[in-house]
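All chains should be built: construct the whole structure from the sequences, respecting the hints.
Same order as they appear, the protein sequences are chains A and B.
Those letters in the first sequence? Residues 1 to 280, by the UniProt record's numbering.
Those letters in the second sequence? Residues 1 to 280, by the UniProt record's numbering.
Don't take each hint at face value.
Identical chains blur together in the list; that is why a pair holds if it fits in one copy or across any two.
What the hints assert, rightly or not - No more than 30 Å apart at the CA atoms, straight line, and that leaves these computed lysine-lysine pairs for BS3-like:
{"#": "1", "residue 1": "Lys50", "residue 2": "Lys80"}
{"#": "2", "residue 1": "Lys201", "residue 2": "Lys218"}
{"#": "3", "residue 1": "Lys24", "residue 2": "Lys186"}
{"#": "4", "residue 1": "Lys209", "residue 2": "Lys232"}
{"#": "5", "residue 1": "Lys245", "residue 2": "Lys232"}
Please keep in mind that the hints were generated in silico from the structure rather than gathered at the bench.
The structure presented is a predicted model; accordingly, all values stated were derived computationally and were not measured.
Protein chains: 2
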Amino acid sequence: MIIISVKVLYAKDLFTSGVKILEKKDDKYGGVVIEMKEMMNPSSFAASLKASLFNWRLQGKKGVWLKLPIELSDLVDVAKKEGFWYHHAEKTYIMMVYWIPKTPSTLPSNASHKVGIGAFVINENEEILVVQEKNGYFAGTGFWKMPTGLVEEGEDVCDAAVREVKEETGIDAEFVEFLAFRQYHKALFSKSDLFFVCKLKPLSTTITKQDSEIETAKWMKMEEYCEQSYVKEHEGFLSVAEICKMASSKKSAYSGFSANLKSQRTPGKKSYVYSSANNI
Amino acid sequence: MIIISVKVLYAKDLFTSGVKILEKKDDKYGGVVIEMKEMMNPSSFAASLKASLFNWRLQGKKGVWLKLPIELSDLVDVAKKEGFWYHHAEKTYIMMVYWIPKTPSTLPSNASHKVGIGAFVINENEEILVVQEKNGYFAGTGFWKMPTGLVEEGEDVCDAAVREVKEETGIDAEFVEFLAFRQYHKALFSKSDLFFVCKLKPLSTTITKQDSEIETAKWMKMEEYCEQSYVKEHEGFLSVAEICKMASSKKSAYSGFSANLKSQRTPGKKSYVYSSANNI
Numbered sequence: 001m002i003i004i005s006v007k008v009l010y011a012k013d014l015f016t017s018g019v020k021i022l023e024k025k026d027d028k029y030g031g032v033v034i035e036m037k038e039m040m041n042p043s044s045f046a047a048s049l050k051a052s053l054f055n056w057r058l059q060g061k062k063g064v065w066l067k068l069p070i071e072l073s074d075l076v077d078v079a080k081k082e083g084f085w086y087h088h089a090e091k092t093y094i095m096m097v098y099w100i101p102k103t104p105s106t107l108p109s110n111a112s113h114k115v116g117i118g119a120f121v122i123n124e125n126e127e128i129l130v131v132q133e134k135n136g137y138f139a140g141t142g143f144w145k146m147p148t149g150l151v152e153e154g155e156d157v158c159d160a161a162v163r164e165v166k167e168e169t170g171i172d173a174e175f176v177e178f179l180a181f182r183q184y185h186k187a188l189f190s191k192s193d194l195f196f197v198c199k200l201k202p203l204s205t206t207i208t209k210q211d212s213e214i215e216t217a218k219w220m221k222m223e224e225y226c227e228q229s230y231v232k233e234h235e236g237f238l239s240v241a242e243i244c245k246m247a248s249s250k251k252s253a254y255s256g257f258s259a260n261l262k263s264q265r266t267p268g269k270k271s272y273v274y275s276s277a278n279n280i
Numbered sequence: 001m002i003i004i005s006v007k008v009l010y011a012k013d014l015f016t017s018g019v020k021i022l023e024k025k026d027d028k029y030g031g032v033v034i035e036m037k038e039m040m041n042p043s044s045f046a047a048s049l050k051a052s053l054f055n056w057r058l059q060g061k062k063g064v065w066l067k068l069p070i071e072l073s074d075l076v077d078v079a080k081k082e083g084f085w086y087h088h089a090e091k092t093y094i095m096m097v098y099w100i101p102k103t104p105s106t107l108p109s110n111a112s113h114k115v116g117i118g119a120f121v122i123n124e125n126e127e128i129l130v131v132q133e134k135n136g137y138f139a140g141t142g143f144w145k146m147p148t149g150l151v152e153e154g155e156d157v158c159d160a161a162v163r164e165v166k167e168e169t170g171i172d173a174e175f176v177e178f179l180a181f182r183q184y185h186k187a188l189f190s191k192s193d194l195f196f197v198c199k200l201k202p203l204s205t206t207i208t209k210q211d212s213e214i215e216t217a218k219w220m221k222m223e224e225y226c227e228q229s230y231v232k233e234h235e236g237f238l239s240v241a242e243i244c245k246m247a248s249s250k251k252s253a254y255s256g257f258s259a260n261l262k263s264q265r266t267p268g269k270k271s272y273v274y275s276s277a278n279n280i
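Written out as structure tokens, the structure is:
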């Protein structure tokens, strides 16, 4: 009882001494979210953070998410000294976290993979859409490759393929199915990559290439693509090329994964289930 | 010419005035990597960083990666003031980056997705391995679910399924194929999730459940799993359950994606190509 009284008095002191409790939103897991937007003197921030944590502890709060824009990088050290650690960072902000209860933290982990797509766009003449890039691994090698790109935050993988084809070549296309996927393990700081090979059906024919990234683009006979020495000499490329060849003929017996839109657990949200079972 | 001379003199001044150039490793893209390990006074660090950038600019270096362990959080603000920005962060460190040339940065983006697995482990009696979890969304609901988990950094998706089943239930199993996958889009800070449904063949029968996460585990008739009201009432779960049912019968006509090990572009490295074309 005595200990509790001392705590309450201490909190009261903090609250009445002009220390500002940080503005927060509640999340649905019993935690709070602070999005700092305005500059703040580091020592005022330290006092406010301490008082706020005290306050939230009394309220039985659990996780504390603290989003600091890069302009407020002088507050990172203050939060760390209060016991916060890093959760993730993007170019313009860092997210730091703190766990109030004595039980182990159940805060979710951060992202671990990049997701890329390769677009196999084949027309009725068994020609595929290929590009040569201005930058990157294949620049200047003369290798004709399928359009590729990264899936953006919140974007469906099937939509990413359609978007990349449009951006790089101006061709309108619709998603048919996933033919295969691959996982790469990298060394330097980038974590693992997942790469999905998507079959698309072109809806237009005239190429308008993107100037910034694409050197040149064209329709190329499927056999000619497969005959390139780079494809023949690299097991992974050869394997993907053979899968594409199987899926390219009009009477293809190849069974990829198509997209079926389903409700998510969160009411009102939908997402794709990809499988070889059509309409399930 | 005059400008160049002034620069060289300035650099020489820095180098001879006791300012320490930071230790770095070269990466293979013409950039440098600094892994700070020792505490350093922020103003000494500021001077060293400035001198080092000057030095590397003269050497024609491009990207600069600066890894700061959380113990050195007082240096984050210094690096930001020198023009660095955030690339990514993990619990114990932040990675900051800087781009020296005047051309646009070609530094790779950071991870965007979490990757999870659900393990469909079915034995010869058409029974599947199910668990009830102690924590998380389904805790206390009585819902029997398949073992699930997150793919770890550098881990193959097929191996993650085998590992999670072993950890949660003690059952040894081998990967057969991917039956389907799904992409979820979340709101709060976590980016998108990719979730792979994996079929596994059990190699043992006796369950030894994990105490920390699992309330209980058992073998359950496939029909009984599908009859659970949560499965029947949630479109996404129902869809996955029906796909599993199609793939469960011994004469299954369902065509999932199996794993074929192929060489990566990096010599000596291998990774899986997953497709419905066996042995390609």
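Verification of the supplied hints:
Both within a single protomer and between protomers do Lys50 and Lys80 lie at most 30 Å apart by alpha-carbon distance, with minima of 12 Å and 25 Å respectively. When the C-alpha separation of Lys201 and Lys218 is checked against a cutoff of 30 Å, the pair qualifies only within one copy, where the shortest distance is 16 Å, while the shortest distance between copies is 45 Å. In this assembly of identical chains, the alpha carbons of Lys24 and Lys186 lie at most 30 Å apart only when taken from different copies (20 Å versus 38 Å within one copy). For a Cα distance limit of 30 Å, the shortest separation of Lys209 from Lys232 inside one copy, 27 Å, qualifies, whereas the shortest one across copies, 48 Å, does not.
In this homomeric assembly, Lys245 and Lys232 come within 30 Å of each other (Cα to Cα) only inside a single copy, at 14 Å, whereas the closest approach across copies is 39 Å.
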